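Novice: Chain by chain, the residues run as shown.
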Amino acid sequence: MPTKEHFIQSLQQELTPVTPLRSPRVRAALWSLVTLVFSVGVLLLTGPIRPGAFQQMLGVQFALETIIGFLPLWTASYVLFRLNIPGIEVSRGDVILAFAPMLMFLVFLIYGLYVAPALEPSMLGKRHHCVFEVLYVSLLPLVFLIWQLSKGYSLYSPTQFMLMGVAASSVPMATMQLVCMYEPSHILKFHFGPAVMVALLTAILGLLWMKLFKS
Amino acid sequence: MGDEQRWKELMVKAQAGDQQAYGQLLTELYPVVSNYLKKRLGALGAEEDFAQECLMAIHNARHTYDSERPFSPWMFTVVKYKSIDLLRKKQRVWKNEVADEDLVTNAAEDSNTKGEEDKELVRQALQSLPENMRRAVELTKIEGLSTEDAAKKEDVSAEALRARVSRAYKIMRKQLEKSGAY
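As given, the protein sequences belong to chains P and B, one line each in that order. Per the numbering used here, the very first residue in the first sequence carries number 1; after that it's consecutive. Per the numbering used here, the very first residue in the second sequence carries number 1001; after that it's consecutive.
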């Protein structure tokens, strides 16, 4: 172990000017915008919008359900970028709020499944590979998010890894509301399911990474 | 001017590349970080190592400091995160300690493995350790004292002695790996 003086001297000599990171709000907004454009863009390039989908947005339940589906993009990424800057307080409530839209989306789907669906269930606009589309469209935003977060200083935890997965997969999941068929059980299995899978896989891989490289 | 305001200004200058300001900041932070770690992790007896690791973390994370925010919460969060990371690592070392201990002991005692040559390598590795670590290993492994008794004899806490033994095994393991005995 070098002496205190040598140690400080060596850090002093290594010093180079650095540009402070932008605020979490700006970083989250930039990431969200890029993710939104990319994910929606890819899904629109690979298939059409369901006929009448925009008119259906005039229905309150469907509009709420869809908007709530998009919300984790912001709620999860904003908390992640806040956690990425040491000294910014993030309460447990903030973390719960970040996950909340995903849970609300699930509640809407269950309500639609057992009580009253937001739209009349139909096969109109069905995409044959929507489950895979949600998975692969999430990947690039997830990698981009990890890269952005690597610029800051986080104490990574399973919760943070899950938030990363939720943030990245929420846009393809919610976009499917407009570009794939509407039927609550289909959405649960093939849109919501893979989004949850992305979150869980991210948490598992994150834990593995921590075990291998951080301990 | 209070510490908080001065540190903030020094860090802003450091972010711009001012080495003198940075040296002053680190010199002022070193005892603060050491005391913080001593209070929190004193029982581990590794606060000096941890203090340097934490200052290194502050160095690497300096671009995350926002001059619009107070300095101390930022610094203590970096130190807290780093010490949690270090404790995670240490936990793993402790888990491996039993395995290391057995391997080092076996290499020293088991004449059926590679014989006298290995014993000599272990003796050499032991002799090359810093005095306090060598004593810790000798007392617990050669004289057979319990950690508590050895700690009393060395006038340190049991945790500090454990930390010394653990670090000693780590160093010996590396040396034995280099020499091919392990």
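The hints are simulated quantities; they were obtained by calculation from the structure and are not laboratory data. These numbers come from a predicted model, not from an experiment. Backbone N, C-alpha and C fix where the C-beta goes; we use that ideal spot for every residue, glycine too. One or more hints might be untrue.
Quick partial rundown of chain B residues pointing at chain P, CB under 10 Å, derived from the structure [said to hold, decoys possible]: (1) G1002; (2) D1018; (3) Q1019; (4) Y1036; (5) D1066; (6) R1069; (7) I1142; (8) G1144; (9) L1145; (10) K1178.
Straight-line Cα separation of at most 30 Å, DSS-like style, residue types lysine-lysine; simulated pairs [to be verified]: (11) B:K1039 to B:K1178; (12) P:K126 to P:K211; (13) B:K1089 to P:K151; (14) B:K1039 to P:K211.
Okay, the calculated beta carbon distance ranges per label pair [what the hints assert, rightly or not]: (15) P:H129 to B:P1073: 39 to 49 Å; (16) P:S91 to B:D1155: 38 to 48 Å; (17) P:Q61 to B:P1073: 25 to 35 Å.
Novice: Now tell me, hint by hint, if it's right for this structure.
Specialist: Here's how the hints hold up against the structure:
no.: 1; hint: G1002; result: violated, 17 Å
no.: 2; hint: D1018; result: holds, 8 Å
no.: 3; hint: Q1019; result: holds, 5 Å
no.: 4; hint: Y1036; result: violated, 14 Å
no.: 5; hint: D1066; result: holds, 6 Å
no.: 6; hint: R1069; result: holds, 6 Å
no.: 7; hint: I1142; result: violated, 25 Å
no.: 8; hint: G1144; result: violated, 29 Å
no.: 9; hint: L1145; result: violated, 26 Å
no.: 10; hint: K1178; result: violated, 20 Å
no.: 11; hint: B:K1039 to B:K1178; result: violated, 37 Å
no.: 12; hint: P:K126 to P:K211; result: violated, 41 Å
no.: 13; hint: B:K1089 to P:K151; result: holds, 22 Å
no.: 14; hint: B:K1039 to P:K211; result: holds, 27 Å
no.: 15; hint: P:H129 to B:P1073: 39 to 49 Å; result: holds, 48 Å
no.: 16; hint: P:S91 to B:D1155: 38 to 48 Å; result: holds, 44 Å
no.: 17; hint: P:Q61 to B:P1073: 25 to 35 Å; result: violated, 44 Å
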